[in-house]
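There are 2 protein chains.
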Amino acid sequence: MRALIERELSDCSKPVRDLAGHIGAGRGKMIRPGLLLLSGLACGGITGKHIHTAAIIEMIHSATLLHDDVVDEGDIRRGVATLNKLRGNESAVLLGDFLLSRVFRLCTGLEPPAARTIASAAVQTCEGELRQIAQRSNWRLSESQYLEIIAEKTAALFSGACSLGAMLAGGNGRQVKMLADYGCKTGIAFQITDDLLDLTGEQARTGKPIGNDLVCGKLTLPLIHFFSSAGKKEKADVIRLIDHPRSSSKRVFSLSKILREHGSIDYAQRRAAGFVKQAIRSLAGLKDSDGKDALVETARIVARRTV
Amino acid sequence: MRALIERELSDCSKPVRDLAGHIGAGRGKMIRPGLLLLSGLACGGITGKHIHTAAIIEMIHSATLLHDDVVDEGDIRRGVATLNKLRGNESAVLLGDFLLSRVFRLCTGLEPPAARTIASAAVQTCEGELRQIAQRSNWRLSESQYLEIIAEKTAALFSGACSLGAMLAGGNGRQVKMLADYGCKTGIAFQITDDLLDLTGEQARTGKPIGNDLVCGKLTLPLIHFFSSAGKKEKADVIRLIDHPRSSSKRVFSLSKILREHGSIDYAQRRAAGFVKQAIRSLAGLKDSDGKDALVETARIVARRTV
Numbered sequence: 001m002r003a004l005i006e007r008e009l010s011d012c013s014k015p016v017r018d019l020a021g022h023i024g025a026g027r028g029k030m031i032r033p034g035l036l037l038l039s040g041l042a043c044g045g046i047t048g049k050h051i052h053t054a055a056i057i058e059m060i061h062s063a064t065l066l067h068d069d070v071v072d073e074g075d076i077r078r079g080v081a082t083l084n085k086l087r088g089n090e091s092a093v094l095l096g097d098f099l100l101s102r103v104f105r106l107c108t109g110l111e112p113p114a115a116r117t118i119a120s121a122a123v124q125t126c127e128g129e130l131r132q133i134a135q136r137s138n139w140r141l142s143e144s145q146y147l148e149i150i151a152e153k154t155a156a157l158f159s160g161a162c163s164l165g166a167m168l169a170g171g172n173g174r175q176v177k178m179l180a181d182y183g184c185k186t187g188i189a190f191q192i193t194d195d196l197l198d199l200t201g202e203q204a205r206t207g208k209p210i211g212n213d214l215v216c217g218k219l220t221l222p223l224i225h226f227f228s229s230a231g232k233k234e235k236a237d238v239i240r241l242i243d244h245p246r247s248s249s250k251r252v253f254s255l256s257k258i259l260r261e262h263g264s265i266d267y268a269q270r271r272a273a274g275f276v277k278q279a280i281r282s283l284a285g286l287k288d289s290d291g292k293d294a295l296v297e298t299a300r301i302v303a304r305r306t307v
Numbered sequence: 001m002r003a004l005i006e007r008e009l010s011d012c013s014k015p016v017r018d019l020a021g022h023i024g025a026g027r028g029k030m031i032r033p034g035l036l037l038l039s040g041l042a043c044g045g046i047t048g049k050h051i052h053t054a055a056i057i058e059m060i061h062s063a064t065l066l067h068d069d070v071v072d073e074g075d076i077r078r079g080v081a082t083l084n085k086l087r088g089n090e091s092a093v094l095l096g097d098f099l100l101s102r103v104f105r106l107c108t109g110l111e112p113p114a115a116r117t118i119a120s121a122a123v124q125t126c127e128g129e130l131r132q133i134a135q136r137s138n139w140r141l142s143e144s145q146y147l148e149i150i151a152e153k154t155a156a157l158f159s160g161a162c163s164l165g166a167m168l169a170g171g172n173g174r175q176v177k178m179l180a181d182y183g184c185k186t187g188i189a190f191q192i193t194d195d196l197l198d199l200t201g202e203q204a205r206t207g208k209p210i211g212n213d214l215v216c217g218k219l220t221l222p223l224i225h226f227f228s229s230a231g232k233k234e235k236a237d238v239i240r241l242i243d244h245p246r247s248s249s250k251r252v253f254s255l256s257k258i259l260r261e262h263g264s265i266d267y268a269q270r271r272a273a274g275f276v277k278q279a280i281r282s283l284a285g286l287k288d289s290d291g292k293d294a295l296v297e298t299a300r301i302v303a304r305r306t307v
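From first to last, the protein sequence lines are chains Z and Y. Residues 1 to 307 in my numbering are what the first sequence spells out, letter by letter. Residues 1 to 307 in my numbering are what the second sequence spells out, letter by letter.
It is possible that some hints are incorrect.
For chains that are exact copies, the list does not tell them apart, and a pair is met inside one copy or across any two.
What the hints assert, rightly or not - Lysine-lysine pairs mimicking DSBU-like chemistry, simulated, CA-CA at most 35 Å apart:
no.	residue 1	residue 2
1	K29	K14
2	K29	K277
3	K250	K177
4	K277	K14
5	K208	K14
6	K14	K232
Hints were generated in silico from the structure; no laboratory data involved.
Generate the whole structure from the sequences, applying the supplied hints.
Okay, structure coming up:
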């Protein structure tokens, strides 16, 4: 699959190839393509189409990362300087567009249901991102609004990947639905955990700076829980900490200490674990197999990860 | 077609609708969808599919404008403030992505050859844009490199639109090829003229600031001609004028005066007219019809326009 992505990115003019070398497509955790393949395994087996489609899903993810880094003014990703930092926003915007247009062209060779699933996941991802920036610095964001946003901006691609895996393995409608549910719940747990790592992680492990969500005015689950349950004075202290144009690791550390003492970190972890349980439960009707076992294990790892 | 675009953009969540109201899709010259419809007329007649596909082409164009304005830091477009100016780069990047993903989803409902034509045009547009930024501030760009860039970044979508028009009207392979050639040459003439207007136009008429290409380090045909034919002293004078972090209308005026006196403006106009002639010649084998007449007239207007 890495070879497929590399081939797709090398089949272009030199300036594009030079830029494409920076994006690190195929160097991440590859969780979305991994889920697609495991879903295939759990529903009858993997074909060449699975590999091809998994590469497409990872390319979409790479494109969203490129644009996310422009949107969030991210400097570091996967432990290295981002393309927008190295070569300017324009390169990151245009290379993301290039990736998306290549995806779009690759999809014209797929069966219509598979192409539709991918396109719908891409639309939902964009809608979620737009919803999120519309809620920037809204310190009153509710938990349900937050969950709606991450279901679109993150879980839609997880869900699409899993349902494609089932679909391409010849899974029936029920199986496709089970895998779509599993992907959605796993994606939500993944994003809650990702947001937690922004508060409690270590840059050396996560490969990206800590506290960036706060700088971008993104409210995540621990803070939503805190604001909905803390007293006036505690809230004022936290607002002072987060209402600062730039976060420092010291400030993020103080904040995560307050959130931990208040039980908000725990709360978010429990919510992530709850979605993992729901994800696993979605697979209940699926025949036992190595693929199913691996999916169960993957969902568990998603909420326990530290990178 | 405007109604189709509006419907596609209104079928989404409120924050997205709010943003979509800014982009002015359907408020431009609509030249690409216009060419698609005329190409259909010239090859047998227009169907509902033509209207649908023309809307898709205009949505792609709107998305590229949104991202171009981020890349070029454009403040004004079509006489109004750009979305990146009003709502920040992030909104412009994400709304462009949203438009592209909607296009992608709409294309999954088209016949594969039509979807492939659109996807290939999108890929080429992106490749051209990336090639262009790789050549930023390269004052030695050759005319052939310039033509290669604009053939991809602009003419590919023109060519795609025209060949789609022919294809959807049931045109044969020869007709589709003729229309693709016509679109390519018309697109090149359009872009040469667009670049000329950046030097010689009036903001009140073009709806965008003059001299922006220079600020962005984009070398266009009059300057390429000048650098390839002027003496050392003249070149040094021009480099002084353009090597300035911001252009002023006074500086652009001085520059366009030098270029005019040197014959470089004339040269670019003659080149554009030459491509118009080639575009018209591409249609020679096409049966006479109102559609063909309108295509001929459109190509002529493209190189004569002042807006």
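Have a look at K208 and K14 and pick one of within, between, both or neither, based on CA distance no larger than 35 Å.
-> both (29 Å within a copy, 32 Å between copies)
Are the CA atoms of K29 and K277 at most 35 Å apart within a copy, between copies, both, or neither?
-> within (22 Å within a copy, 54 Å between copies)
Given identical chains, is K250 near K177, meaning Cα to Cα at most 35 Å, within a copy, between copies, both, or neither?
-> Neither: 45 Å inside a copy, 64 Å across copies.
When no copy is named, should K277 and K14 be tagged within, between, both, or neither for a Cα gap of at most 35 Å?
-> between (47 Å within a copy, 32 Å between copies)
Indicate which option fits the pair K14, K232 if close means a Cα-Cα distance not exceeding 35 Å: within, between, both or neither.
-> Between copies only: 32 Å across, 58 Å inside.
Measure nothing new, just compare the shortest in-copy and cross-copy C-alpha distances for K29 and K14 to 35 Å and report within, between, both or neither.
-> Both: 27 Å inside a copy, 34 Å across copies.
Of the numbered hints given earlier, the model fails hint 3 alone.
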